[in-house]
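Heads up: the sequence shown begins at 9 in the numbering used here, then just goes up one per residue.
No lab work stands behind these hints, which were simulated from the structure alone.
All figures in this text were calculated on a predicted structure; none of them were measured in a lab.
Where is the CB? At the ideal position from N, CA and C, for every residue including glycine.
Treat each hint with caution, since some may be false.
Said to hold, decoys possible - BS3-like, lysine-lysine: derived pairs with alpha carbons at most 25 Å apart:
no., residue 1, residue 2
1, 11, 113
2, 13, 101
3, 42, 82
4, 126, 90
5, 82, 49
6, 23, 42
7, 23, 13
8, 42, 90
9, 90, 121
10, 120, 13
11, 126, 82
12, 101, 11
13, 90, 120
14, 49, 120
What the hints assert, rightly or not - Cβ-Cβ distance ranges computed for the label pairs, FRET-style:
no., residue 1, residue 2, range
15, 75, 149, 19 to 27 Å
16, 83, 13, 32 to 40 Å
17, 42, 154, 15 to 23 Å
18, 153, 9, 38 to 46 Å
19, 9, 144, 34 to 42 Å
20, 67, 146, 25 to 33 Å
21, 41, 102, 21 to 29 Å
22, 155, 15, 28 to 36 Å
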Amino acid sequence: MTKIKFQLLQARDEKTFSLIANWYLSEWNIPIEKTIQRLQKVTTADLQFQVIMTLDDLPISTGGLYNHVGLLDKEPGFSIYKNWLALVYTIPKQRQKGYGALICKYIQEHAKKLGLEKMHLFTDTAERLYNGLGWTEVESLQLGDRNVVVMEKNLNNDNNNTI
9 MTKIKFQLLQ ARDEKTFSLI ANWYLSEWNI PIEKTIQRLQ KVTTADLQFQ VIMTLDDLPI
69 STGGLYNHVG LLDKEPGFSI YKNWLALVYT IPKQRQKGYG ALICKYIQEH AKKLGLEKMH
129 LFTDTAERLY NGLGWTEVES LQLGDRNVVV MEKNLNNDNN NTI
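Generate the whole structure from the sequences, applying the supplied hints.
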């Protein structure tokens with residue numbers, strides 16, 4: 009029987025930080041040291057966190073809740089939005105199996121437990137996934153050749169999308 013677990017990362021989880029940093033390097037070309045620094049910061053901050061999801065004790069997916077995302081560096085006007093679902097990643101051989109949706113739901117539920125009312129995200133590839141999880145588009149913009157959508161999730165109206 010398949011066993012799925014979620015774990016909130018702690019500042020001491022350096023081995024997992026390295027694994028995630030390698031995932032982010034291969035997927036988005038984010039430098040390893042930048043990811044490790046970001047994970048160290050987010051795991052010690054209030055109302056920010058990173059989650060690792062395991063399948064039969066093997067890490068397969070990650071994502072987190074951040075106060076600052078890369079979009080804000082390029083478009084500072086979006087700083088009006090807070091609590092960003094970000095850096096959601098699933099290993100290639102486990103994609104298209106619903107694991108991305110599962111980790112997003114877990115992150116949403118944990119954010120709600122922390123007392124947050126809304127979350128935001130931006131995407132240029134997974135709008136359909138997030139629509140299916142109850143997210144709504146609030147803005148869209150063109151960034152280079154990417155059509156980016158900023159989306160919002162009201163956590164107080166999240167009755168039918170829980171884990």
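Comparing the hints with the structure gives:
no. : hint                    : result
1   : 11 with 113             : holds (17 Å)
2   : 13 with 101             : holds (18 Å)
3   : 42 with 82              : holds (17 Å)
4   : 126 with 90             : holds (8 Å)
5   : 82 with 49              : holds (21 Å)
6   : 23 with 42              : holds (15 Å)
7   : 23 with 13              : holds (18 Å)
8   : 42 with 90              : holds (21 Å)
9   : 90 with 121             : holds (16 Å)
10  : 120 with 13             : holds (19 Å)
11  : 126 with 82             : holds (22 Å)
12  : 101 with 11             : holds (17 Å)
13  : 90 with 120             : holds (14 Å)
14  : 49 with 120             : holds (21 Å)
15  : 75 with 149: 19 to 27 Å : holds (20 Å)
16  : 83 with 13: 32 to 40 Å  : holds (36 Å)
17  : 42 with 154: 15 to 23 Å : holds (20 Å)
18  : 153 with 9: 38 to 46 Å  : holds (44 Å)
19  : 9 with 144: 34 to 42 Å  : holds (36 Å)
20  : 67 with 146: 25 to 33 Å : holds (32 Å)
21  : 41 with 102: 21 to 29 Å : holds (26 Å)
22  : 155 with 15: 28 to 36 Å : holds (34 Å)
Every hint from the earlier list agrees with this structure, and none is contradicted.
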